[in-house]
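Chains as they are written, first to last, in our numbering: chain A, 7 to 188; chain B, -14 to 110.
Certain hints may be false.
Stated by the list, open to error - Covered by chain A, per the in silico footprint, the following chain B stretches (three or more residues, Cβ under 8 Å): (1) 12 to 24; (2) 55 to 62.
To be verified - If the Cβ cut is set under 10 Å, some of the chain B residues that face chain A in the computed set are: (3) Glu(-12); (4) Gln(-11); (5) Val(-2); (6) Ala2; (7) Thr3; (8) Arg4; (9) Glu77; (10) Ile81; (11) Glu84.
To be clear, the hints were calculated from the coordinates, so they are not data collected in a lab.
Using N, Cα and C, we set each Cβ at its ideal position, and we do this for glycine too.
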Amino acid sequence: MSAFLQSVERRAFKQAVYAVRDDDAALDIAQDAMLRLTERYGDRPAAELPLLFQRILQNAIRDWFRRQKVRNLWVTLFSALSPGKEDDDQDPLETLHAAGESNAEESGADQLERTQILEIIEQEIRQLPPRQREAFLLRYWEEHDVAETARVMGCSEGSVKTHCSRATHALAIALKARGITL
Amino acid sequence: MNEQLFANKICQVLDRATRVEPAIAERLRAARERALDARRIELAPGLAWADNVLGSIGGQSGLWLRLVLPTLLLVASVAGIYTWQQNQRLAETEEIDAELLTDDLPIDAYLDRGFEAWLKKRAAR
């Protein structure tokens, strides 16, 4: 279990960040998912853990959005009574810090270019509709097949293919518009 | 462009995104340890087997089994202990009755008040 969690924690965090656009919230979601996995499915065979974890993670992300809806409702209701605090949108450029661990032998220009491409791709993924993003990341990044992805998302295999196709198409158009060729 | 090919290229770039700041990496490590600790605390040697059986059953039926089955087992155990105690008392009573009836002294002697007084006097000595 420990090895599995170690192998998935960073990708889980990144998936959550793409969805919720907040590092702290994403960390909470990742921790919540890991806790749920160990508490409820700690005795399952190792082969079952990837799918189980993905389902738990996606549910945790949806739960976060539901809580945010309720929270935002109360904030809206009481916003007239107290001065509101501006919500800080996550600065996408914060992801540039990830370049800190990059290969030191790369030239500065190459490193900057790679970092910028990564940052743009992450931006575009964040902007995808939630179901398209979920299908794309599960199918291609987590490398689940169509059937497994459909099980995690709770939809048909046809829907998964449609979401993946639309996500890929949207990303291709967006990257082309930004002058990025992979 | 081929969808799979394009997606693979995107994912190659995304794989670089899994490099996170040291602070984030440390918090993820701590979260992982908390999850593993929760699992270790939950399991006690005596409950490990029960947890293994019941833990594989999720949802409402699992919840039902986690509450109702242990309660039923507890009630059955208490009922069993009570029945055993009653049987023990009955057996002891039967044993005493058997000894009285098979004794050389006739059973009617125990109904004689003079005999009872003699027994008390003898016990007082």
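Those earlier numbered hints the structure runs against, lowest number first: 2, 9, 10 and 11
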